[in-house]
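Student: Protein chains in written order, with the numbering used here: chain A, 1 to 93; chain B, 1 to 499.
Source of the hints: derived by calculation from the structure; they are not laboratory data.
Built from N, CA and C at the ideal position, the CB exists for glycine as well.
Be careful, since some hints might not be right.
Unchecked claim - Pairs of lysine to aspartate or glutamate residues, derived as EDC-like cross-links and limited to a Cα-Cα distance of at most 16 Å, are as follows: (1) K28/B x D61/A; (2) K15/A x D38/A; (3) K90/A x D95/B; (4) K229/B x E167/B; (5) K186/B x D173/B; (6) K3/A x E461/B; (7) K497/B x E461/B; (8) K316/B x E339/B; (9) K421/B x E433/B; (10) K357/B x E339/B; (11) K484/B x E393/B; (12) K28/B x E52/A; (13) K28/B x D63/A; (14) K436/B x E461/B; (15) K316/B x E345/B; (16) K436/B x E425/B; (17) K82/B x E42/B; (18) K484/B x E425/B; (19) K497/B x D467/B; (20) K186/B x E118/B; (21) K186/B x D95/B; (22) K90/A x E414/B; (23) K28/B x D57/A; (24) K495/B x E461/B; (25) K82/B x E52/A; (26) K70/A x E406/B; (27) K497/B x E460/B.
Unchecked claim - With beta-carbon atoms standing in for the labels, derived distance ranges: (28) M1/A x A315/B: 56 to 64 Å; (29) I49/A x G218/B: 55 to 63 Å; (30) K90/A x G322/B: 32 to 40 Å; (31) I49/A x E359/B: 29 to 37 Å; (32) N200/B x A29/A: 33 to 41 Å; (33) F24/A x H147/B: 33 to 41 Å.
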Amino acid sequence: MAKIASLARIDVDEKDLDHMVPEFNNILAWVEQLGEVDTSSVEPMTAVIPQELRLRDDVVDADPLTGGGKRDAILANAPVAEHGFFGVPKVIE
Amino acid sequence: MSNYRIQGATGQWEVVIGLEVHAQVTSKAKLFSSASTEFGAEPNVQVSLIDAAMPGMLPVPNRECIRQAVRTGMAIEAEINKWSRFDRKNYFYADLPQGYQISQLYHPLVGEGQLLIEADEKAGIPEDKVIRIERIHVEQDAGKLMHDQHPTMSYVDLNRTGVALMEIVSRPDMTSPAEAGAYIRKLRSILRYVGSCDGNMEEGSMRADVNVSVRKVGDTELGTRTETKNVNSVRFVMQAIEHEAQRQVDVLEDGGKIVQETRLFDPNTGHTRSMRSKEDAHDYRYFPDPDLLPLALDDAFLEACRESLPELPDAKRARYTGELGLSEYNARELTAEVETFARFETLLAATAKGIGKPEKDVATQVANWSLSVAPGVIKALGDEADVSHATAERQASILDMQAKGEISGGQAKEIFEIVLKTGREPGEIADTEGLKQVSDTGAIEEAIDTIIANNADKVEEYRGGKDKLFGFFVGQTMKAMQGKANPQVVNQILKDKLG
């Protein structure tokens, strides 16, 4: 439980861990139960209405919303931004 | 089988190598956003709201990136999966604001393929060898962290975040550093022929994760492997394998065990070291990305990809030795790099046209010129050479004059030198600089008559059977003609006159 929480970067209080274990096991058991249904002849459903993945053309900044060149906006919410970079606590291996 | 072995105290060890090559796809925009992929921009200028993982943004794949990965797959004779899907690889690190990398674990775009590495006795590859490629999938690159700009902070540049990568995963089919080096060079060559990656390892367009394990010669089970991450040159890949294999043998010979782990290569020492990551670092909890539908490709798209493929290195090499009659060596040298064969083919076409012969009749002459004569002259001139003067037309015109016997090999070089320095036309240089050999039989005959008259004794000896003296007469004639006589014409006339 503690490992899953740390992988997901969720801070869980030590004392809450114990009662979360049965809750999680319930969920896992339920998913396990779903596995009993024979789906070998069923195509996986990827969307509720039939549709295909759209592709975009290879054009730079085609749409102002999804293009680059907006450093100020990108950095606006950063806790630390210096010289055009995000600043984060030193992470080095 | 390569004969690369490591001698340990208890016997000989062999090495098993697999490579995961990350190749940056050549595209103008990123894989899922329209931000630019250009190298060398100011930090965070080429970052879209998608790349920065702002809430509510949805990725839409770039068709060109998919097309280039498909073409690459076709170039390695791989199965192309018409149905593939994107998955999330979850991890938290400052170079990836999404908290996951969009990749393809379960259903990659490209399946099983292969490439051929050529025999190279000197490098220790005794025969041609097929290296199987397990898959190619498409994924996002991460950003760049700089650790040395601030005492307590790391700086993050997300320009590279979201740029399309192909991860090309080989089977563990290589058994020596030389084979791994040959594999990367061949892969790089194919990528550059296809145009799906510029193959520039210095700029990080291609980097390799190197999987190495060792086992006793004769064992069939694979040993435990380590993965050395992000090695960015052919030489470093070979060094990393050498060092890592030796380290594993040392550990095992001392009775130790190899830990499956991620290691880093240090180019300064040539050594690898453990990244000492936490064990759970590899628990990526992959699942299908709910933001993206499966990628379905139709036959028309695949057909267009196939039709756009150029002649590939192996086919080109075979054509050079077969149709053009070039030597194995010349064919290999000329086909190694895109620029080299492009220059060669342009010059070959121009020369064949100028001389009015089929390409195969002039191919060897043009190959020798392109591979040794021209580079030799350019190198000797150094800074004085302006290679932009060396157009295909000018070089073809030099080769044309040489083929016709108007100039000698030496004169061809001299004329090329002047072309490189000044950009003048070869024909005009030959005329005004006196760089033409005399094929005018009258002048040569006159010179030879004089020599025969002045050397009656030698003529007598020659006719008496002293064949070696022929060289003396050639020498005298060339001297009399100040080295400008066409040697073939001289030989012919001498033979006629000396009888």
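Student: For every hint, state whether the structure bears it out.
Tutor: Hints, verified against the model:
1. K28/B x D61/A: holds, 10 Å
2. K15/A x D38/A: violated, 40 Å
3. K90/A x D95/B: At roughly 12 Å apart (the allowed maximum being 16 Å), D95/B and K90/A satisfy the hint.
4. K229/B x E167/B: holds, 13 Å
5. K186/B x D173/B: holds, 15 Å
6. K3/A x E461/B: Roughly 101 Å between the alpha carbons, so the hint for K3/A and E461/B is violated.
7. K497/B x E461/B: Measuring from Cα to Cα gives roughly 15 Å; hence the hint holds.
8. K316/B x E339/B: holds, 14 Å
9. K421/B x E433/B: holds, 14 Å
10. K357/B x E339/B: Roughly 25 Å separates the two Cα atoms, so the pair is violated.
11. K484/B x E393/B: violated, 25 Å
12. K28/B x E52/A: Roughly 24 Å between the alpha carbons, so the hint for K28/B and E52/A is violated.
13. K28/B x D63/A: holds, 14 Å
14. K436/B x E461/B: violated, 33 Å
15. K316/B x E345/B: Roughly 11 Å between the alpha carbons, so the hint for K316/B and E345/B holds.
16. K436/B x E425/B: holds, 14 Å
17. K82/B x E42/B: violated, 38 Å
18. K484/B x E425/B: Violated, because 20 Å separates the two Cα atoms, which is more than 16 Å.
19. K497/B x D467/B: holds, 14 Å
20. K186/B x E118/B: This hinted pair holds, its Cα atoms lying about 9 Å apart.
21. K186/B x D95/B: violated, 31 Å
22. K90/A x E414/B: Outside the cut-off at roughly 61 Å; violated.
23. K28/B x D57/A: holds, 10 Å
24. K495/B x E461/B: holds, 15 Å
25. K82/B x E52/A: Holds - the C-alpha atoms of E52/A and K82/B are around 13 Å apart, at most 16 Å.
26. K70/A x E406/B: violated, 64 Å
27. K497/B x E460/B: Status holds; Cα separation ~13 Å.
28. M1/A x A315/B: 56 to 64 Å: At roughly 58 Å between Cβ atoms, A315/B and M1/A fall inside 56 to 64 Å, so the hint holds.
29. I49/A x G218/B: 55 to 63 Å: Between I49/A and G218/B, where Cβ atoms are some 59 Å apart, the hint holds.
30. K90/A x G322/B: 32 to 40 Å: violated, 59 Å
31. I49/A x E359/B: 29 to 37 Å: violated, 58 Å
32. N200/B x A29/A: 33 to 41 Å: violated, 52 Å
33. F24/A x H147/B: 33 to 41 Å: Given range 33 to 41 Å: holds, Cβ gap about 37 Å.
Going through the hint list in order, the structure does not satisfy hints 2, 6, 10, 11, 12, 14, 17, 18, 21, 22, 26, 30, 31 and 32.
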